[in-house]
Structures are given as C-alpha cells and as structure tokens.
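There are 2 protein chains.
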Amino acid sequence: MDFKERTIKSEKIFSGKIINVRVDTVELPNGNTSTREIVEHPGGVGIIPITENREVIMVRQFRKPVDEICLEIPAGKLNYGEDPYECGVRELEEETGYKAKNIQSLGHFYSTPGFTNEILHIYMATGLYKGEVKLDEDEFVETETIPLDELVDMVMNGEIRDAKSIIAILKASQLMK
Amino acid sequence: MDFKERTIKSEKIFSGKIINVRVDTVELPNGNTSTREIVEHPGGVGIIPITENREVIMVRQFRKPVDEICLEIPAGKLNYGEDPYECGVRELEEETGYKAKNIQSLGHFYSTPGFTNEILHIYMATGLYKGEVKLDEDEFVETETIPLDELVDMVMNGEIRDAKSIIAILKASQLMK
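Heads up: the sequence lines are chains A and B, in that order.
Position in the first sequence counted from 1, then plus 1151, gives you our numbering.
Position in the second sequence counted from 1, then plus 1151, gives you our numbering.
Next comes chain A alone, as it looks inside the complex (with noise of 0.2 Å):
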C-alpha cells in the first residue's frame, strides 16, 4: 500500500529562535483529509566522550520544557547547514573541555517523528585530551564522570531519561561489550 501523505496546503503558524511550526492539510491513502501539526527543527548533536578507564564525562543541566535539572551527554543545536561532525567536536570541547583523538558516528534518529522534523546525530569520542571550556555567558552545565556500565543500570532503572543519552549509551555499551 501507498502510504505516502500529500500535502494539499501548508500554513505557517509560528517562526521562533529555534523551532517554526506550521500545519499542513495533507490527502490521506482513502482520499480523505487531514491536518498534521509539525515542528520543523535545524536538529542536533550528541557525543559520548569515553576515557580510557570506560568511564564517560556527563553534563548536568535544566531543561525549561520538563522543569528538570537533566543527566545529558554533550550536546548542542546544529546551525543551519552546519556539518554534525563539525557541531559535535565544537559541543564536546566547550562543554567539557576536552578534545578526542576518535570520533566515531553511532548513527542519528528521529527524537519523535509523529511532530517533528528534529534529527539527533549522535557520535563517540575517544582518545580525550584536554582542550578548554568556552561555555556561552548565559549557558550552565555542569560536567559529572561515571562509568559507562553504571550509566546501562542508570539508563535501565529510570534514573537517566533523555532519549539522546539512552541511545548513546546503550549503542555505545554494545559496541564496547
């Protein structure tokens, strides 16, 4: 079956800083019409630096939509038409201070493909040197280091709950087994 939505008619609904939202009619496969509600997002950038001891250098900071200080990996918003891999080294750098020797894609998702556009590129670091913390003015993280295996079981029983950082985690997990 031809699943294929087509788009009838587009009607932009808000262009932000960072997000537009738009609503579209589309012609659904029975000929019937509907509207959906999208996010249209630039996508983003998430690392997992690995030291030599499997131990993984996390960043801790709130997040305004879930009203919650989050256990993240290094991340950062890719600016329009900025490479990821450029994006990801750049992230990793200001917001832990360190370099890596090894990048290693782990592929990118969809963070929710039923309203949004957003993509997550997500990457590996290794071999980690120091580099320099260069965080924005108005930007507050705070580093914390923890073993990659501790982080499975932390991913496993709730406690870290960031789409993102569990897929790094659990892709990087197996990859290293």
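Each statement offered as a hint is correct.
It does not matter which identical chain is meant; a pair holds if it fits inside one copy or across any two.
With a straight-line Cα cutoff of 30 Å, these simulated DSBU-like cross-link-like pairs (lysine-lysine) come out:
#1 1228 x 1215
#2 1250 x 1155
#3 1228 x 1160
#4 1155 x 1285
#5 1322 x 1228
#6 1228 x 1168
#7 1163 x 1228
#8 1250 x 1328
#9 1322 x 1215
#10 1163 x 1215
None of these hints come from the bench; they were simulated from the model.
From a predicted model like this one, the values you see are computed outputs, not experimental measurements.
Since chain A is already given, all that's left is putting chain B on it; use the hints.
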C-alpha cells in the same frame, strides 16, 4: 549551583489538536533573561510485543514530519489524564490485533527535553494471544514480524531510526539476555 530558570512571562502561541506552543521568558541563574520556545504534548506510549520465538511485531507507518515510512513499535498518543498502561494495552490490540498476558514497564523518557515536555512510556508485552485489529478509518499501519536480535542489528546499522523504538528494542534486548 541552582540552575533553575524562573518564569517571568508565558505567552501562548498556538493551541492545536495535539500540540500547544508557548514562549516563556525566563530569568537565568546569572540574572539575565532569555526566552524558551516550548511545545506542550500530552505524551505517548510505545509497546514492544515479543512472541514466544523472540520475534517482535513491528508496525510501518508514514510520518509526515520526516516524510518517510518508519518502522516502529506499536504506539499511540495519551489522551489527557489517561493511564499509560491502559493506553499501551489498547494500542497493542488496535494496531497489531494481539492482546498480552504479561505487560511490563520499561520506564519512561523525554523524547527531546530541549523544546518539548513530551514523555514516552515504554512497555514490553509477552504471552501474546489473538485479539482484533481495530484501526481508525484514517489510520494506515502495516505489521511486520522481525526477530529481536535482528532488530538490534537494525538499530546498530541505522535502519531503525525512531527513538522510542530504538530504546524499547535495546532495553528489551538488555533484559532478555
């Protein structure tokens, strides 16, 4: 350090069928102000149904925001106030035609806490028996049965790109080792 951001002003931008959008003006820990673009979502449930032969019943459906047919676990949006467990039971039968003797929580996570409050609850269903497929007239979903170990490979090589499905597959695989 106290990272919390105090809300100074909250402006409603859009009130949709599924999402609402608001822009909060917040006070940062250093006293500066900034804005946060926030998508309010009722949350959802994903359920990974695993047969006696360690096979998973997956669904394919078109996702307009990413303009792609995605291979995912059965899932649905929560109605406001609905119990996630009840929602999982319902979506499992509606989309796959199966009921389950055992349904176990695999926790919940934030799909992308930088811009939305969406929480996804994940369950694992075993002891499957025949119920009845009950798709809405405007719902177009095809099922496909795939061994769990093959799905882990498809996550690792990037063929499965939906966050909730990646998380459910890797968590289930971790539990059933």
